[in-house]
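All chains should be modelled from the sequences, with the hints used to inform the complete structure.
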Amino acid sequence: MRADRLIALILFLQSRGKVTAAEVAVELDISIPTARRDLETLSAAGVPVYGQPGRGGGWQLVGGARTNLTGLSEHESKSLFWMLGTAGLSDPGTRTATRKLVRALPSTLQDEAEILATRIHYDHTTGGELPRTADRSEVLDALRSALVNRQTLRIRYTKRDSTSDKTTAQPLGLVAKAGTWYLIARQQDDNSTRTYRIDRIGEAEPAGTSCEQSSDRATTQAQSETVDDDHFDLEAYWTAYVGEVEALRSSVTAEIRCPNWAVPILSTHFGGYFTVIDEGTEFTIAEVGANLVVALAEQLAGWGRTVEVLSPPELQSELARIGSELSALYDH
1 MRADRLIALI
11 LFLQSRGKVT
21 AAEVAVELDI
31 SIPTARRDLE
41 TLSAAGVPVY
51 GQPGRGGGWQ
61 LVGGARTNLT
71 GLSEHESKSL
81 FWMLGTAGLS
91 DPGTRTATRK
101 LVRALPSTLQ
111 DEAEILATRI
121 HYDHTTGGEL
131 PRTADRSEVL
141 DALRSALVNR
151 QTLRIRYTKR
161 DSTSDKTTAQ
171 PLGLVAKAGT
181 WYLIARQQDD
191 NSTRTYRIDR
201 IGEAEPAGTS
211 CEQSSDRATT
221 QAQSETVDDD
231 HFDLEAYWTA
241 YVGEVEALRS
251 SVTAEIRCPN
261 WAVPILSTHF
271 GGYFTVIDEG
281 TEFTIAEVGA
291 NLVVALAEQL
301 AGWGRTVEVL
311 SPPELQSELA
321 RIGSELSALY
331 DH
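Take the sequence shown: its position 246, counted from the start at 1, is 246 in the working numbering, and no numbers get skipped.
It should be emphasised that the hints constitute simulated quantities derived from the structure, not laboratory data. Predicted, not measured: the structure shown is a model, and the values here were computed from it. Beta carbons: idealized from backbone N, C-alpha and C, even for Gly. Take these hints with a grain of salt, some might be off.
Simulated restraints, written as ranges between beta carbons of each label pair [to be verified]:
id: 1; residue 1: 164; residue 2: 257; range: 41 to 47 Å
id: 2; residue 1: 251; residue 2: 178; range: 19 to 25 Å
id: 3; residue 1: 302; residue 2: 251; range: 18 to 24 Å
id: 4; residue 1: 278; residue 2: 326; range: 27 to 33 Å
id: 5; residue 1: 264; residue 2: 326; range: 23 to 29 Å
id: 6; residue 1: 278; residue 2: 50; range: 49 to 55 Å
id: 7; residue 1: 29; residue 2: 111; range: 31 to 37 Å
The structure is reproduced here in structure tokens:
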């Protein structure tokens, strides 16, 4: 659900009271099924919206047409801004409306709303990998709580080589990319900012006084870190991080020729590792990338003759090898 539609829908409900999905569709210039899905999404996220079926029914905020957003409970405001994330303040078209939403909350909830609106980010672009849907809601809740309360955490993290270690870190933000959540945190031991995949976090507990810095020098450093953390730009950090990861993963690139109908499929599969070079009337020349020649060959082999590899020669040779192996195995 887009941030601008989320805000517009909330304000529309507030001003009109009970509305139908058809009225929402006209107001927001969307289809009726999309309007109904958006209303259901709001309700499922904890915003006090309920629907009444049948003749004379419709959707409304709890409390009726005069409901004021200051009537949102703590849980409801958290749900709203958790779902909104950075999108509301980063888009010029929704920034003013988001600020109005924050100011409409009780003062006790405004700080938390500001944190959620600047430290929760949704990256809807694909990255050439299938989404991971591991249920780590208990860890995610603990991380969100630490983020809002500015708590330092003791984290046990499992690395790619299956070894694990513990580190003390200050959460700076949470990012969801293609179904996978990431924690961005400042490590206490070397003051570096690092990214952790949440499905690899085994434990996340408050560090407590035993992990606090004790020396005057360390205390001064921790205070300066707090100032830096207040000005931390989550979106800028994430954009730079994704760029670095993609550069590493796409160390091998290839030029391919494919029919135009295959472009959307290949673009979805390769994500940021797919770039159109030249689009003709029937065929498109594009560049794709991966971390290894064999990995790229394996991803393209299933396309058979539909996708032609123009370069490099080593990728063509690897595809020929795969084809020979398959031919020898199945050619009876």
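Next item on the list: Sort out which numbered hints this structure fails and list those numbers smallest first.
Entry: No hint contradicted; all consistent.
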